[in-house]
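Visitor: The lines below spell out each chain.
There are 2 protein chains.
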Amino acid sequence: MRPVNVGILGLGTVGSGTFTVLGRNRAEMARRIGRDIQVVMAAERDLAQVTLASTDGVSLVDDAFQVVSAPAVDIVVELIGGDTIAKDLVMQAIRNGKHVVTANKALIAKYGNEIFAAAEAQGVCVGFEAAVAGGIPIVKAIREGLAGNKIEWLAGIINGTGNFILTEMRDKGRDFESVLAEAQALGYAEADPELDVGGGDAAHKLTILASLAFGMPLCFSDCYMEGITNITQQDVAYAEALGFRIKHLGIAAKREAGVELRVHPTLIPETQLIANVNGVMNAVLVQGDAVGETLYYGAGAGAEATGSAVIADIVDIARTIEGEPAHRVPSLAFQADAITALPVLPIAQIDSAYYVRLSTDAQASRMTDIAQIFGEQGIGIDSMMQKGEEASVIVLTQITREANLDSALDKIQAKHLVTGDIMRIRVAYLNG
Amino acid sequence: MRPVNVGILGLGTVGSGTFTVLGRNRAEMARRIGRDIQVVMAAERDLAQVTLASTDGVSLVDDAFQVVSAPAVDIVVELIGGDTIAKDLVMQAIRNGKHVVTANKALIAKYGNEIFAAAEAQGVCVGFEAAVAGGIPIVKAIREGLAGNKIEWLAGIINGTGNFILTEMRDKGRDFESVLAEAQALGYAEADPELDVGGGDAAHKLTILASLAFGMPLCFSDCYMEGITNITQQDVAYAEALGFRIKHLGIAAKREAGVELRVHPTLIPETQLIANVNGVMNAVLVQGDAVGETLYYGAGAGAEATGSAVIADIVDIARTIEGEPAHRVPSLAFQADAITALPVLPIAQIDSAYYVRLSTDAQASRMTDIAQIFGEQGIGIDSMMQKGEEASVIVLTQITREANLDSALDKIQAKHLVTGDIMRIRVAYLNG
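Quick note, the sequences are listed as chains B and E, same order. Take any residue in the first sequence, note its place counting from 1, add 1, and you have its number in this note's numbering. Take any residue in the second sequence, note its place counting from 1, add 1, and you have its number in this note's numbering.
Be aware that one or more of the hints could be misleading.
As the list claims (entries may be wrong) - To give a feel for the contact side, a few chain B residues facing chain E, derived at Cβ under 10 angstroms:
{"hint": "1", "residue": "R3"}
{"hint": "2", "residue": "N6"}
{"hint": "3", "residue": "D37"}
{"hint": "4", "residue": "A142"}
{"hint": "5", "residue": "L147"}
{"hint": "6", "residue": "N150"}
{"hint": "7", "residue": "L296"}
{"hint": "8", "residue": "I312"}
{"hint": "9", "residue": "I315"}
In case anyone wonders, no lab produced these hints; they're calculated from the structure. Positions of the beta carbon are idealized from the N, C-alpha and C atoms, including for glycine.
Bound conformation, chain B alone (with noise of 0.2 angstroms):
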C-alpha cells in the first residue's frame, strides 16, 4: 500500500516532538499498520527557529495554508495552538477533504461542534487524543475502551503545573507564589499562568472529557471554574490533619437535573489512588455502570508524551484511510445524528461535602455558633476542629446542596462571627 502523508503545522515544543517520534518509529509503526507514515510537508512562521536533526524529504514552508491545501498530504496535524489562526486552517483542511489531527484542547472545547459537523459533513476523521491529558489514551479508553457502559462521572487531574504546585506545597511546605515561580522558571507554567492555575486549560479538557462521557454537545461556557491561587499552605496542612490531599480536580457528573461540570480544588481522601498522582503527572478517574471504577495515568504535557497522542490518532486514520467514513469511530463518541444537549447545573445546585475554613475572634462560643447555624440548614457536619494560635475553625461537611452551605455561610458572616473571609473546598470522596 502508498505510504500515508502527512503534513505537520507548527514545529514548536510538540510539534518537535511528533516529527522526532514519526522518525525514530517509522519502522516500529509500520510494523503494526503494514504501510508506512511519512512526513511529507511542515510549516513554521519562523523557519530559522526549526531546529530539528534531518528534515529529508520534507517540504518546510512558512505559510501553513500552503499545507492545508497541499495536494500530496493526507492528514494534516494541527500544532500551532490557540483558537485563531489554527481554527481557519482545521476548517480549511476539512472543506480540502483532509483528515485534521490536533492537540488544542481551546480549539476543540470551543469550536469541536462546529469542526466536527463540517468534519461529519465532508467524510473526514478529526482526531484529538493529544488535547487531553497529553500522552494518556484516555479520549479512546472512553470513547472505545467502555463503550459498552453508561458514563456516570469521571474526575480528573488534567493539569500538570497546577498539580506540580499543589504537590509541592504539600511535600515541602512551600506557599504557592514561589511553587508558581519555579514552575514558570522549569518552563512548566507560561509566563501569564492564568490559563493554568485559573482553570481555562482544565474547563477546556473537562468540556471534552464530558462530551465523550454523555453524548452531549461542548458547552464549554457552560464550565465552572475556580482556580487554585487562593489555596494556602494552611488549607493543605489541615487538608492533610483531616487525611485528605488537596487537587485540582475537573468533575463531569451525570444527575438526574442535569450535567455537573466544574473544576476547582478539590479533597480528595488520601487513600484514593488518584490522590497520590503526583508532580506534573494527570489522570483520570472514570466511572462506568458496567465497569465500575477505572483510572488512567500518565503524563499530562511533554514534547513526545503529546507526540505519543498526536501519533496514535495519526495510526487510526490511516489504518481506516480508504474505509467508510461509517465504519470509523465518532468524533465524540456518539453518532452526530444521537448528540444529545442536556442542561449543566449551575454550581448552587450541585451536592458536594465542604471543607470550610473561618478566621475568628477565638470566643470560646465560636464553634457553637457555627455549628448552631449549619445545624439550623440542615448541614451534617462530618468533623469540626479549632486551631487555636490561628484562631480558625475547621469544619467538614456531609454532603449537601451548595446554595444551602451558601446560605449558611451567609448567615455566618450576617452574625459577624468571622473575622475574615471564609475558606471553603468541595471534598470529593468519589467512591461511586
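Once you've looked at the hints, dock chain E against the given chain B.
Guide: Chain E alone, transformed into the frame defined by chain B:
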C-alpha cells in the same frame, strides 16, 4: 443498518453479566454505534441453572456447537473458559466465518498463535480484551493508544485474588493461609487456588501483554512463574520497614539479549502509584519510549466489569463488520507477517535488585560473613539489617545478574552461615 447478532457460549458469571449489560445499555450503545446489537442465541450446558431476568427473543440451547454454526449469529462470544471444549468451539466458529470474542486467557495464551492464524485466513476478528485485567481496556491501550511507541517494558498486578491476599496480609498483619481461606469463602479464589496464587493465571495474561507490546508470538511455556504461597507475614513487615510493598507482579521487558517474561512476588517502593493498588483491583504500568510511563487501573474480574471488556470488543467488531479486514487492528497489534520471535531470557539472566532474608544462628559475625560473600560476588548492598529476636538477616541488594545472586546464596549455604531456607524476593523500582 441491520442489527449485529451475538451468540453467547456459557451463561455463568461473566456470560450472565455480559447478557445483562448488553440488555441494559442497548439504547446507549446504539447511540454510539448507529446500529443495534442483539443477543439472538445463548448456550448453557445446564439450562436449569440460567437465572437471567429476561431472555425474550433469545434462543437458549444446551449445545454450544449449535451457536457456532447458526447462520443468524455474526459474533460468537466464548465465555465457557478453560482450553478444551472452548478451543474446539472457537476454532469451529472461525471456520464458519464468525467473529469471536473471548474472555479466555488460558485459551489465548496457549493457543492464540493458532487461533489468530485461522482468523486471519478467514478474515474474521478475535477480540480478547476481557482476557487481560478484566474491565481495564489495556489491550486497546497497548494495541492502539500507544501505537506510536516502542514499548520498553510493562509490569502489572493482574491477579486480583493474589493482590487481595497480599493487601490483607499487610493491612491486617494476617498470614497467607487465613487470608486465602477467606478469599475462597468470599468466592474470589477457586476451591483449587493454584492458578491464582501459583502465578499461572497471571502468566497467561502476561504472555498476552508481552506479545501485544513487543510483536512476538505468544510463548506461555517460556514464562517464568513463581507464586506467593511462601510469602510470610515477616517478609511483608520487613519490606514495609524498608519502604516497600510486596505485590505479585507480571513483568515483561525488552532487553538487548531477549525478552524478560516473569511472574513473581516483587518489592515495589511504596511511593510508586502501583504499590498502592490494593484489594482485588488490577493495574498495568506500561513504559513507552515516547509516552514514558502510563498506568491503567480497574477491576480485574467480576461479572459486569469483565462484561464491559467483552462488549467493547463486540462494539469494535460491529463497527467494521462490513469493512475490509485490512482496515482492522491486527489481533496481536502487529501485522501477522511482522510478528517476530524473540528469545525469552532464562530467569538466571535477568538483572534485578533483591530482598534476601536469611535465618542465622545469631552469631555476631554473621552479618560480616554474609556481606563478605556478597562483596566477593560483586553484588552491591543497599542496606542490611539484623532482626535480633528472629535471628534473621535482611539484605537489600543493588541491581545484579540473578545468576550472580544464585552463586552468592550457594556459597552462603555451603559455608553453613544459615540455619534454614533462604527467602529471596525480587525488587522492581519501575522507573524506567
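Visitor: Run every hint past the structure and note whether it holds.
Guide: Hints versus structure:
1. R3: Given a least distance of 13 angstroms, the restraint on B:R3 is violated.
2. N6: 17 angstroms, violated
3. D37: 12 angstroms, violated
4. A142: 5 angstroms, holds
5. L147: 7 angstroms, holds
6. N150: 6 angstroms, holds
7. L296: Where the cut-off is 10 angstroms and the nearest Cβ of chain E is about 4 angstroms from B:L296, the hint holds.
8. I312: 3 angstroms, holds
9. I315: 8 angstroms, holds
Going through the hint list in order, the structure does not satisfy hints 1, 2 and 3.
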